[in-house]
Amino acid sequence: DVKVTQSSRYLVKRTGEKVFLECVQDMDHENMFWYRQDPGLGLRLIYFSYDVKMKEKGDIPEGYSVSREKKERFSLILESASTNQTSMYLCASSPLSTGELFFGEGSRLTVL
Amino acid sequence: GEDVEQSLFLSVREGDSSVINCTYTDSSSTYLYWYKQEPGAGLQLLTYIFSNMDMKQDQRLTVLLNKKDKHLSLRIADTQTGDSAIYFCAELRDSGNTPLVFGKGTRLSVIA
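Residue numbers (the numbering used here), protein chains in the order written: chain A, 154 to 265; chain B, 51 to 162.
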């Protein structure tokens, strides 16, 4: 059974803290993605990666960075969390050249 | 515009059919997808249709594609309370490694 695992389901952080959201997939997929989901705004793509050590900006990369040191792991980093980054964060992976995404359960981040 | 458009809400009675509509943007889109998100969970692929097809049926689900109008619909027959979820339409533009473009999602509420 395919699996995308996000390290934390719920996090509460303070403004200015550095936040790491981890995502691991066990399907040997080349592509990995980070989205945020907000009511009324749907899914918005933050960053994606097509290969180890590669990254591409999505639609809303400001305030975020990513790391992909290993094929199975894609990390989202908030260098200095702000209250407007309170959101649900979804990680996904997909095989090369296909649109079928496999999603994790999501990480709900609250920044106080 | 560049957006994939969906209505935000739909309410139906249990046992009725639900029809969720989507308008996409790119006539060269190769695949179109429907994803389902249950409360507190990530998205799961529900079904998809290749752009050279007009219709696809899978048990209670029927997908209709009108390429001329760039219109996609998802029909759920005999809607059940377990079908209550957010349904996302997504298009794969061009071919190869471009991220899916999602609509904002339609929240389906099933009334018993």
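No lab work stands behind these hints: they were computed from the structure.
Model, not experiment: these values are computed from the prediction.
Note that the Cβ used here is the ideal one computed from N, Cα and C, for glycine as well.
Hints are not guaranteed to be accurate.
Said to hold, decoys possible - Mimicking EDC-like on lysine to aspartate or glutamate, the simulated pairs with C-alpha atoms at most 20 Å apart in a straight line are: (1) 86/B <-> 181/A; (2) 224/A <-> 181/A; (3) 156/A <-> 88/B; (4) 210/A <-> 88/B.
Stated by the list, open to error - Non-contacting residues of chain A with respect to chain B, defined by C-beta distances greater than 10 Å in every case (computed): (5) 157; (6) 168; (7) 177; (8) 179; (9) 198; (10) 216; (11) 225; (12) 226; (13) 228; (14) 232; (15) 233; (16) 236; (17) 254.
(request) Just pull the numbers of the violated hints for me, sorted ascending. (result) 1, 4, 5, 9, 17
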